[in-house]
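So for the sequence shown, the numbering used here puts the first residue at 16; every next one is plus one.
I should point out that these hints are in silico values taken from the structure, not numbers from a laboratory. One should not assume that every hint holds.
[As the list claims (entries may be wrong)] Below, in silico cross-link-like pairs of lysine-lysine (BS3-like), each with a Cα-Cα straight-line distance of 30 angstroms or less:
1. K25 x K82
2. K43 x K79
3. K223 x K79
4. K49 x K79
5. K79 x K53
6. K128 x K208
7. K25 x K58
8. K25 x K79
9. K56 x K79
10. K22 x K55
11. K49 x K223
12. K128 x K141
13. K208 x K132
14. K49 x K82
15. K22 x K43
16. K223 x K208
17. K43 x K82
18. K208 x K79
19. K56 x K141
20. K82 x K195
21. K25 x K141
22. K223 x K25
23. K55 x K82
24. K195 x K58
25. K208 x K141
26. K58 x K43
27. K195 x K223
28. K195 x K208
29. K55 x K43
30. K22 x K208
31. K25 x K43
32. K22 x K53
33. K195 x K128
34. K58 x K223
35. K132 x K195
36. K223 x K43
37. K82 x K56
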Amino acid sequence: MTEENFKNGKVLLIDKPLTWTSFQVVNKLRWHIKQRFKIKKIKVGHAGTLDPLATGLLIICTGKETKNIHTYQGQIKEYTGTFTVGSTTPSYDLETEIDQSFSTEHITESLLKETTKQFLGDIQQKPPIFSAIKKDGKRLYELARKGETTEIASRQVTISEFEITNINLPQVDFRVVCSKGTYIRSIAFDYGKALNSGAHLSALRRTKIGDFSVDNASSIESFIENLVE
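Take these sequences, add in the hints, and give me the full structure.
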């Protein structure tokens with residue numbers, strides 16, 4: 016890997032660790048690339064945000080390849096993770112505390128699997144209030160953290176695959192293949208309601224973006240080590 020490689024444009028596959036923001040990953044890699052080649056400036060960007068509580072595939076583009084970020088963002092994505100059934104949180108995940116609890120006595124394996132069918136195809140989905148979407152110039156999560164409420168418009172997303180991979184109530188493991196703009200946290204919340212109960216997202220991992228797989232991704236540490244060599 017040379018300075019020219021990075022400036023002409025590289026696509027880096029990184030396995031984002033838990034608690035890191037996507038922005039932190041970009042900053043870390045940019046800093047090390049600049050240090051390695053003693054350069055003052057280089058473009059580095061990611062093709063699709065992952066929440067801090069999610070792990071998995073992050074596509075990082077450098078140099079001239081940053082112009083193609085939108086093409087990677089638009090590709091279908093695959094996620095695996097865990098729903099916790101029987102309770103909800105305001106953020107639909109573990110960023111906030113449980114606010115409501117529901118009965119799960121009626122929930123069976125067949126109900127869990129049958130209910131996924133309601134989410135296949137083109138569906139209307141409301142993003143979580145705890146999201147980076149802007150409304151009136153402010154991020155929704157900024158309003159949410161102040162305790163403010165606002166009406167969020169539904170948007171159409173496409174779920175091409177949704178399967179339950181393991182059940183150990185209240186934990187339900189899943190795999191979802193979906194379009195750009197899909198919030199897995201919203202699927203968790205809506206899925207809980209469809210079960211006549213509640214649910215929130217308790218683990219999430221992005222495994223694929225288009226033809227790119229997390230199996231071929233490097234850890235941040237591994238990338239830095241290879242950069243130094």
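Hints and how they fare:
1. K25 x K82: holds, 11 angstroms
2. K43 x K79: Cα-Cα ~19 angstroms, so holds.
3. K223 x K79: This hinted pair holds, its Cα atoms lying about 23 angstroms apart.
4. K49 x K79: holds, 16 angstroms
5. K79 x K53: Roughly 19 angstroms separates the two Cα atoms, so the pair holds.
6. K128 x K208: holds, 14 angstroms
7. K25 x K58: Within the cut-off at roughly 11 angstroms; holds.
8. K25 x K79: Holds, at roughly 8 angstroms.
9. K56 x K79: Roughly 13 angstroms separates the two Cα atoms, so the pair holds.
10. K22 x K55: holds, 12 angstroms
11. K49 x K223: holds, 28 angstroms
12. K128 x K141: holds, 22 angstroms
13. K208 x K132: Given that 30 angstroms is the threshold and the Cα spacing comes to 14 angstroms, the pair holds.
14. K49 x K82: Holds - the C-alpha atoms of K82 and K49 are around 20 angstroms apart, at most 30 angstroms.
15. K22 x K43: holds, 17 angstroms
16. K223 x K208: holds, 27 angstroms
17. K43 x K82: Roughly 20 angstroms separates the two Cα atoms, so the pair holds.
18. K208 x K79: violated, 45 angstroms
19. K56 x K141: Violated, at about 39 angstroms.
20. K82 x K195: Within the cut-off at roughly 18 angstroms; holds.
21. K25 x K141: violated, 35 angstroms
22. K223 x K25: holds, 18 angstroms
23. K55 x K82: holds, 20 angstroms
24. K195 x K58: holds, 23 angstroms
25. K208 x K141: holds, 13 angstroms
26. K58 x K43: Holds: K58 and K43 sit about 13 angstroms apart, inside 30 angstroms.
27. K195 x K223: At roughly 12 angstroms apart (the allowed maximum being 30 angstroms), K223 and K195 satisfy the hint.
28. K195 x K208: Status holds; Cα separation ~23 angstroms.
29. K55 x K43: holds, 15 angstroms
30. K22 x K208: Measuring from Cα to Cα gives roughly 48 angstroms; hence the hint is violated.
31. K25 x K43: Cα-Cα ~16 angstroms, so holds.
32. K22 x K53: holds, 13 angstroms
33. K195 x K128: This hinted pair holds, its Cα atoms lying about 24 angstroms apart.
34. K58 x K223: With Cα atoms ~24 angstroms apart, K58 and K223 stay inside 30 angstroms; holds.
35. K132 x K195: holds, 20 angstroms
36. K223 x K43: holds, 22 angstroms
37. K82 x K56: holds, 16 angstroms
The structure fails to meet hints 18, 19, 21 and 30 from the earlier list, while all remaining hints are met.
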